[in-house]
Amino acid sequence: MSEHRLRIDPAGTPRATVLIVPPLFEEANRTRRTLVLAMRALAAEGFAAMLPDLPGQNESLVPLEQIDLARWQDALAEVAAGIDGPTLVASVRGGVLIDHQVKAAAWWRLAPVGGVSLLRTLMRARVSADREAGLTSSLESLQEEAKAQPLLVAGNRLSPEMVAQLGTSEAQAVEPLRNVGLGADGIAGTPLWLRAEPGEDAAMAKAIAADISAWSTTCGIS
Amino acid sequence: MTEANTVDATLRALLADVLGLGEARAAALTEDSGLFGELPEFDSMAVATVLTEMEDRLGILIDDDEVDGEIFETYGNLLAFSLRKVTD
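Going line by line, the protein sequences match chains Z and U. Okay, so the first sequence: first residue is 1 according to our numbering, each after it adds one. Okay, so the second sequence: first residue is 1001 according to our numbering, each after it adds one.
Be careful, since some hints might not be right.
Claimed, not checked - Partial chain U-side listing against chain Z, Cβ under 10 Å, derived: (1) Leu-1051; (2) Phe-1072; (3) Leu-1079.
Said to hold, decoys possible - Just a sample of chain Z residues kept apart from chain U, beta carbon distances all over 12 Å, derived: (4) Gln-57; (5) Ser-117; (6) Ala-196.
Hints in this document: simulated from the structure, not taken from any laboratory. Heads up, the beta-carbon is just placed ideally off N, CA and C, and yes, glycines get one too.
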């Protein structure tokens, strides 16, 4: 089944298409608004920008517990294969774990995070919620439980494969790549992906678009 | 800056990032400021995020059994826990 793709087109023929790979799980919701603002800014600079739903996330009808990282990698490669003209991949946070199978002219990664760190936070949320409910669980007991059956962590039902893959997943080497963080040498803004309640940052969205646009030029894409 | 000041500044910035407090509210936190149960943004997901960010930014490792409700009761408790971990 094909997933929803949010696409924002520029006036006229696009310089290239920027394929946004969103953060994973709750971090996707926290950043979506700002990423879409960045897409609008990219369109104003002549790029087409596409934000696909990952199977099992956002508006997808596929149950998350049927998904693992390998499936997301395949899904993104498929989306990219349908794009006309050069593609520039822009991944945020855990998106960097699934962006390397795409055939792209360049990659841009914002605040990359390892799978272990994402999994640890999700499991801790479960341990913390269990503690409030008077139940005892631990990162170890949840790891054990996840070997045989889907594990419910912070509202996400993760398959044993997903838990195992997150536990070892790191961003893979791609070329050409620009890795960018927050701060003076990178994007001015705050880590919205950590925010307990979703916020938005228009200035940060503009900075993201400007940085991607400059990287595209550096790579000779347009 | 002393180590204690660095830890304090790191912790305030981290809480500002996770809870969206803004610089002024984060700077105004005192030893007695309540966190979990007091700030509506501070739910179990926020607790988890704070713990992982503490590990990353302070360069420490936190075990499950070190975490009890008490350390998130007040800012002072969280700061004392962090300082203990950093100097361990």
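Structure-based check of each hint:
1. Leu-1051: 6 Å, holds
2. Phe-1072: Given a least distance of 9 Å, the restraint on U/Phe-1072 holds.
3. Leu-1079: For U/Leu-1079, the interface hint is violated, since the closest Cβ of chain Z sits about 19 Å away, which is over 10 Å.
4. Gln-57: Non-interface label stands for Z/Gln-57: nearest chain U Cβ at 17 Å, farther than 12 Å.
5. Ser-117: 6 Å, violated
6. Ala-196: With a cut-off of 12 Å, Z/Ala-196 comes too close to chain U, as the shortest Cβ separation is near 4 Å.
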